Structures are given as C-alpha cells and as structure tokens.
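Take the sequence shown: its position 342, counted from the start at 1, is 356 in our numbering, and no numbers get skipped.
You may find that some hints are simply not true.
[Claimed, not checked] Taking lysine-lysine and the PhoX-like style, the derived pairs with C-alpha atoms no more than 20 Å apart in a straight line are:
no., residue 1, residue 2
1, LYS118, LYS77
2, LYS74, LYS120
3, LYS120, LYS77
4, LYS118, LYS95
It is worth saying that the hints were derived from the structure and are not from the lab. Fair warning: this is a prediction, and the values are worked out from it, not measured in the lab.
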Amino acid sequence: MSFLDTILFPLEWVVANIMVIWHWLFTAIGMDTASGWTWGLSIVGLVVTIRIALIPLFVKQIKASRAMQMIAPELRAVQAKYKNKKDQASREAMSRETMELYAKHKTNPFSSCLPMLIQAPIFFALFRVLNYRIEGVDEARPIGMLSAELAAQAHDATIFGAQLSDTFTTADSAATRWVSAILIVMMVATTFTTQRQLTQKNMPASALEGPMANQQKILMYALPFIFVITGPNFPVGVLIYWTTTNLWTMGQQFYVIRNNPTPGSEAERQLKARKEAKAKKKGLVIDGTSEDVTTATLEAPVNRQRQQPKKGGSRSQRKKKPGTGTSTGSPSNTTDSADADGVGTDTKDNDD
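All chains, please: the whole structure from these sequences, using the hints.
So, in structure tokens, the structure goes:
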C-alpha cells in the first residue's frame with residue numbers, strides 16, 4: 015500500500031460507507047438497486063451528510079470572512095505605512111502589526127478557507143472510490159460495506175446513458191460526454207455565482223478596493239477556469255458530487271447573506287429596504303435613529319382634544335386678586351416675601 019493509499023484509506027472507507035447507507039435507504043423505499051439514479055442520489059446524500067457535518071465550520075468561515083472584510087481598511091493602512099520600507103526591521107514590524115490586527119479581531123485568512131480545505135480530501139477520496147474501487151467484479155477492491163457486488167452495480171449504473179465511473183476524456187459514448195459537459199458547465203457556473211455573490215454583494219464599499227479585493231476578483235475568475243481544465247478528467251459521479259456541493263454552498267450562502275449581511279454591504283442595504291417596505295405596508299413607523307429596522311412601533315393616533323388647565327399651580331404663576339397690589343409678573347422673591355409676611359399690599363400701598 016502506497017503512502018497516498020495509507021493517508022486516504024480512512025476517508026475512502028467513510029465515503030464508501032456513507033454512499034452504501036444512502037443506497038440502502040433509497041433501495042428500501044422501492045428504487046432499483048442497480049439504477050444509476052439510485053447511486054447518483056447516494057452521492058447527493060453523501061454531499062448532504064458532509065455539508066451538515068460542516069455547518070459549524072461554515073458559520074466560522076462566514077464570521078472569519080466578514081471580519082477580514084471589515085479590517086481590510088486597517089490592513090491597507092498597515093501596508094501603506096511600510097510600503098517603501100524594505101529593511102528587515104520594517105518587514106518584521108509590518109508582520110507583527112498585521113498579526114496583532116488579526117488577534118484583535120479574532121480572525122485570520124486561513125479560517126475563511128477551512129471548509130474548502132477540509133472538503134478537498136473528501137473530494138479526492140470519492141474520486142479514488144469511483145476510479146479505483148469500482149472497476150467491475152473481478153478487479154474491484156471492496157472497502158467497508160462496499161462489497162464487490164455493490165461495486166459492480168455502481169460501475170455499471172448509468173444516468174441518461176452515462177456511467178458514473180466514466181470521464182469525458184475516456185468515454186466512448188456520446189451520452190457520457192454530453193452528461194459530463196452539462197455537469198461541468200453547471201459546476202463552473204455555480205462556482206462563479208457563489209464567488210460573485212460573496213465578493214460583490216456581501217462586502218462593504220471599503221473592502222472592494224485594495225490588494226485583497228483584487229485577489230478575490232482573481233479567485234472569482236480563476237476557480238471556474240481551473241474546473242474547465244480539470245473537469246473533463248473527473249468521473250461523472252465526482253461531477254455530480256461537486257455540482258451538488260456547489261448548489262448547497264450557493265443556497266446556504268444566499269440565505270446567510272440575505273438574512274445576516276455584512277454591515278455596510280449592498281446586501282445590508284437591501285435587507286433594510288425590505289424591512290422598511292414591509293413595515294410601511296403594515297402601517298408601522300421605523301425608528302430612524304436605530305440601525306435595527308425591526309424596532310418598529312405602531313403610530314399612535316394624534317390627540318386633538320384641548321388639554322384643560324390644572325387647578326391651583328405654583329404661587330408664582332397664580333394671578334393675584336385685585337387689591338393685593340402684586341402683579342402676575344412681579345419677581346418671585348417679592349411674591350415670596352409678601353406671602354411670608356402675610357402682607358397683601360406692595361410698597362406703594364404702604365406709603366399711602
């Protein structure tokens with residue numbers, strides 16, 4: 015057993031067993047055990063199982079990507095600070111300040127790539143299961159619950175005439191090439207859409223400029239191009255897996271961006287607009303001083319009834335009776351002095 019076989023064997027065992035379990039479930043509900051649709055849906059079930067297990071990592075990836083987008087201006091400031099300084103001390107200082115910035119915001123570039131890096135070995139394990147484990151009864155190498163009989167069924171299974179183990183470059187039938195070509199186009203389109211959705215819609219304006227934004231744009235076009243080159247060498251089953259996981263990523267990312275967008279992004283502006291329109295339709299008033307548009311309250315009807323003056327009031331505001339000699343607008347100290355002495359006349363009355 016080679017070094018690569020030793021490393022990938024545990025993942026191949028897991029992948030094969032998950033596929034067999036899903037195959038058993040679909041067979042139990044009445045699907046043909048040797049049908050390509052049964053095995054194709056088993057690969058879809060493998061995607062669902064893996065992606066559910068990766069949801070915590072996906073949440074961590076979203077938070078890391080959002081943090082990286084928010085600190086992009088600060089990273090550019092650090093880079094500009096040491097732009098023309100090539101000495102060792104300056105490079106070390108820039109690296110130290112950059113790492114301090116990552117630690118302050120509790121993020122790093124590696125975290126945003128973690129789910130993709132974890133899926134890569136699973137992808138290669140599935141590739142090896144379809145390419146090397148499923149080769150017919152005589153040459154098949156059983157693994158886990160994937161017996162020689164099941165391996166033969168998977169080898170001969172077809173979808174629209176295309177065998178799951180065939181590739182675009184090695185297939186003799188036109189059906190396999192057509193199915194492979196359609197799946198490659200879907201894989202490229204979903205990859206591009208997912209990257210564009212993440213970079214263009216869920217990034218603040220400040221993060222759309224600078225070296226990091228340029229790297230994201232390059233990645234947005236480079237990944238689909240890589241799949242155009244490598245896709246024809248993938249078995250049909252691997253193309254089904256990759257297209258399905260891209261669709262899952264696109265839908266999951268769409269939900270997160272729509273309901274919990276990055277502050278300052280176009281997606282956040284659209285979310286606020288939707289909530290304001292919904293509140294207006296229900297006759298609600300949005301508190302404009304708050305960023306959270308959910309703080310809507312019902313507009314209270316205006317009370318047009320004249321308020322009656324209260325009885326009594328302060329002695330400084332009460333109108334004095336005629337003959338007391340104290341006017342309404344007299345200073346408060348004069349009024350208080352007169353009240354304290356019990357004298358109801360002013361200075362002029364006393365002189366008379």
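### Query
Which hints, by number, does the structure contradict?
Those not satisfied: there are none.
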